[in-house]
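**Student:** This is what each chain is made of:
Number of protein chains: 2
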Amino acid sequence: MATKEKLNCLTRIRVLSGDQIALGPGKVALLEEIERSGSISKAARKLGLSYRRAWTLVDTMNKNFESYLVKGSAGGKRGGGAYLTPLGAKMAKAYRAMEIKAEKAIQVNWKTIKRSLKQTD
Amino acid sequence: MATKEKLNCLTRIRVLSGDQIALGPGKVALLEEIERSGSISKAARKLGLSYRRAWTLVDTMNKNFESYLVKGSAGGKRGGGAYLTPLGAKMAKAYRAMEIKAEKAIQVNWKTIKRSLKQTD
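Top to bottom, those sequences are chains A and B. Take 1 as the starting number for the first sequence in the numbering used here and just add one per residue. Take 1 as the starting number for the second sequence in the numbering used here and just add one per residue.
Hint data in this document are derived by calculation from the structure and do not stem from the laboratory. A portion of the hints provided could be inaccurate.
[Said to hold, decoys possible] Just so you have them, the derived chain A footprint on chain B, three or more residues with Cβ under 8 Å: (1) 38-45; (2) 49-61; (3) 106-112.
[To be verified] Here are a few chain B residues that sit away from chain A, every Cβ distance over 12 Å (derived from the structure): (4) ALA22; (5) ALA29; (6) GLU32; (7) GLU35; (8) GLU66; (9) GLY81; (10) TYR83; (11) ALA97; (12) LYS101; (13) GLN119.
Keep in mind it's a predicted model, so treat the numbers as computed, not measured. Quick reminder that beta carbons are idealized off the backbone N, C-alpha and C, glycines included.
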């Protein structure tokens, strides 16, 4: 039964520094992929981003935090790998924790809303 | 000191029914303005929306719920007023409650992130 799955409540969290998004769903997914793959280009491919786009997202994050979230390992821009700094790992975890807690916090009211939505099929 | 205000964490909640947004920040703001003004066109003006756009948002909400969130009072489409049904008022309140609870739930992790952001000025 696909009935229930069509009704959904999404929470999207964005960390803003002035007019820049320091962290959001896309950036955190990128951090996690960099952690897994050890490479910006591999992470970009996995997420369907251009290398340039992924690099820009990393650059925005790095510039908005006190210290870098992602650093390059030896080998130059594309050749070398990349890794999350301890701060990068900490920020990704804190962001995911916010998502989980927010989702939990809305459940009671979401159930109230869900009951009043048309049950599509 | 504008320092702190530039660092912000926004939570945006969307209620989806299939590929339609049944409730989101814009729709709930519209519900609240309709409640205040008793009119879709006044609410639209207040929110900087065209009448057509506001009407479409109301129509989407009405179609996605078991019963209408907004009804027109006598006088025809533009002439007459509009009002929130009890269900409309209940859904707007439940949505705002989700926002408040989500925001509260993320505070600890948000403070962790905030401390690591560059303090802009």
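**Student:** Now tell me if each hint is right for this structure.
**Tutor:** We went through each hint and held it up to the structure:
no.: 1; hint: 38-45; in the structure: violated (count 0)
no.: 2; hint: 49-61; in the structure: violated (count 0)
no.: 3; hint: 106-112; in the structure: holds (count 4)
no.: 4; hint: ALA22; in the structure: violated, 6 Å
no.: 5; hint: ALA29; in the structure: holds, 16 Å
no.: 6; hint: GLU32; in the structure: holds, 16 Å
no.: 7; hint: GLU35; in the structure: holds, 17 Å
no.: 8; hint: GLU66; in the structure: violated, 5 Å
no.: 9; hint: GLY81; in the structure: holds, 23 Å
no.: 10; hint: TYR83; in the structure: holds, 18 Å
no.: 11; hint: ALA97; in the structure: violated, 5 Å
no.: 12; hint: LYS101; in the structure: violated, 4 Å
no.: 13; hint: GLN119; in the structure: violated, 8 Å
Hint violations for this structure: numbers 1, 2, 4, 8, 11, 12, 13, all remaining hints satisfied.
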